[in-house]
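So the sequences go chain by chain: A and B. The first sequence begins at 1 in the UniProt record's numbering and counts up one residue at a time. The second sequence begins at 1 in the UniProt record's numbering and counts up one residue at a time.
Worth flagging that the hints you see were computed from the coordinates, not collected in a lab. Just to be clear, a hint being listed does not mean it is correct.
If several chains are the same, the list does not tell them apart, and a pair holds so long as it fits within one copy or across any two.
Quick list of in silico lysine-lysine cross-link-like pairs, DSSO-like style, CA-CA up to 27 Å [stated by the list, open to error]:
no.	residue 1	residue 2
1	196	272
2	285	273
3	10	269
4	352	35
5	285	266
6	10	285
7	273	28
There are 2 protein chains.
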Amino acid sequence: MIHINENFLKLRAGYLFPEIGRRVRTFKEQNPSAKVISMGIGDVTQPLAPAVIEAMHRAVDEMGRPETFKGYDDGGVGYEFLRKAIVENDYKARGADVDIDEVFVSDGAKPDTGNMQEVFGVDNVVAVADPVYPVYVDTNVMAGRTGQANEIGQYEGVVYMPATAENGFVPEPPSRPADMIYLCFPNNPTGSVATKEQLAAWVAYARENQAVILFDAAYEAFISDPEIPHSIYEIEGARDVAIEFRSFSKTAGFTGVRCAYTIVPKSLKAYKKDGQTVEINPIWKRRHCTKFNGVSYVTQAGAAAVYTPQGREQIARTIDVYMTNARVIRERLTELGYQVYGGVNAPYIWLKTPDGLGSWAFFDRLLNEAHVVGTPGVGFGPAGEGYFRLTAFGTLANVKEALDRIAAL
Amino acid sequence: MIHINENFLKLRAGYLFPEIGRRVRTFKEQNPSAKVISMGIGDVTQPLAPAVIEAMHRAVDEMGRPETFKGYDDGGVGYEFLRKAIVENDYKARGADVDIDEVFVSDGAKPDTGNMQEVFGVDNVVAVADPVYPVYVDTNVMAGRTGQANEIGQYEGVVYMPATAENGFVPEPPSRPADMIYLCFPNNPTGSVATKEQLAAWVAYARENQAVILFDAAYEAFISDPEIPHSIYEIEGARDVAIEFRSFSKTAGFTGVRCAYTIVPKSLKAYKKDGQTVEINPIWKRRHCTKFNGVSYVTQAGAAAVYTPQGREQIARTIDVYMTNARVIRERLTELGYQVYGGVNAPYIWLKTPDGLGSWAFFDRLLNEAHVVGTPGVGFGPAGEGYFRLTAFGTLANVKEALDRIAAL
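Given these sequences and hints, build the entire structure.
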């Protein structure tokens, strides 16, 4: 008799975005003439860079001719031209030591952050920030690394590390031991970043506790402060304890094109029950090549164009568009007396709701009175209650209009 | 302390294709002037259809303009335009009942066949044919659904169903009960197909044993016999017990473009330990949307063009190219006195090695004396010993030359 994986039944309903969608639909039905401005979902809106478009057209043409047609990406780990560009531009140029055989090109940071847990035993203890990107937790629930959820949506056995205004939304290493630690900087949803010293404390913790850091750097392109590290491998010793996830989604507008990559250093090890060490890199490679068959050649050609001089300049301009929006949101809200975080090194603005309103109450007020959609902070975890996330992925005109309406509240 | 998933350590080294590569490299080093013809790897060689190329160019242009730019594929299950074309053309047109909400578009049949096992409990018994596409087995080893491998590479706890000349390379339902049954028709590696009656017997077995059939139909486009079903849903009752995997890889030359889809019927159920039933469709949807973020819009636009009148005609012509190769291989080898299977409804030719040679011995003879590369049957499982796979994915000129050389042996 075929049995279900009962761990899936522990999952709390995917509540946040469907619930937002439901409330927005209801509002629009009741107010058909209202012009609703969305600052809620973390999806890009600017078109792909011309250099990327050109490279993709060229690649499509290659696929149409027998002499240049490409079948399977040999090995499924990504074409060498792309992995080389990644190593040179994203690591060597910042003094971080990453080898081409440590780069695994994939179709997204969501798959990568979701799949990586598979290579680790189910008995490991998972630690995440609160609030948190839900994929880290949900994929560990599916794998059986947690118990049931409690009434505030936290799963038994997971170590939750509050990210609060007091710690600058950068949690400190937990007092309880943890084995798999998910960190995301620049942070979604709070927009916080970690300094070199803060990351060094995490690396020291991981080395001391023989833990692994799963470092999500999907938003590194938005860092404007030159003192903030873009990669965890800028920290001494990180190569022994950290896996890093990167994505072209937000960097280069690839949410609909699908390209990302993961770094698994060869010096990273895990342990067998008997204490013997096992290298993670070949294990992940085996996993990656057994369950994945490479990224579209057209997509990889587009991703490589991001590293050309024209591509770099063009994506920098797009990021400027978003970061100008972020600055305007931050400055206007501050003028209006809001307590505002993030938005300097990240496309997310995290604000304290006014008048002690709950996250959802503020959501409703914004939707009903300003016709602006954001994301209730509590949707990312209980420590997000009383906070609200706005994203900078829109047009400046819309952002300004949204803020005028918020000012008029 | 971070523990490895020790199930990964049970995996036998990925032996087959690396070993082929090693032997071919050694031969080429020793015989630098030899012109080696590869009929070994199941990768397409013909360029994409002009209708697909045109649609992809159009989609790339859309991605370059703000008013037509596409971010995340809403929900990650595939654009409606593609899922609709799939339902109409691949199912309704053949009298098979599949709903648009049952279609999950993905980046490959390898990921889908590898990932689907996740939604089922680890205590289920897996049944596979011998010989078999290794992904079905390896992904279950990783998940802990098997014990260790024995000396012939078979894993403890897996039910192996021999596919032999005696049963026409279509195994019958096993006498031992099994819960997750992987079937692949047209078959890789043997090129066999299952009749309606044979599939009906499998559906009856699954219904009687409350098992699930994981039906891999990645090669259905190569079926030439009008009596052979293309989908398991052409069999009465299959919607309650079968998941179907399809791919554009071989159908439309998408191995380097990456698009596939999986059908999870809403009437398919699995069981909790307490006997309660659980619908698989929403569970798979939750898995798919948590660990996957949709297929490139450019790829999906290309895939939809496969269903246009021009696209259909063009891909039919490409399949003709391969199937002409298959016919030539089959006919020449038969003339030469070989026992040959497959190649009529599949791009794979499965031949009995002559003179009682082992699969690898025949591989070496073909490489050294004819400079032709194929795949040793034993690489797909012990029942493949004494067999050899040739693929029809090449040019007719190369195929003819390869056969002339084999004739001269």
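So, going through the hints one by one against the coordinates:
no.: 1; hint: 196 - 272; result: neither (31 Å within a copy, 48 Å between copies)
no.: 2; hint: 285 - 273; result: within (22 Å within a copy, 34 Å between copies)
no.: 3; hint: 10 - 269; result: between (30 Å within a copy, 18 Å between copies)
no.: 4; hint: 352 - 35; result: within (25 Å within a copy, 70 Å between copies)
no.: 5; hint: 285 - 266; result: within (11 Å within a copy, 34 Å between copies)
no.: 6; hint: 10 - 285; result: between (30 Å within a copy, 15 Å between copies)
no.: 7; hint: 273 - 28; result: neither (56 Å within a copy, 44 Å between copies)
The structure fails to meet hints 1 and 7 from the earlier list, while all remaining hints are met.
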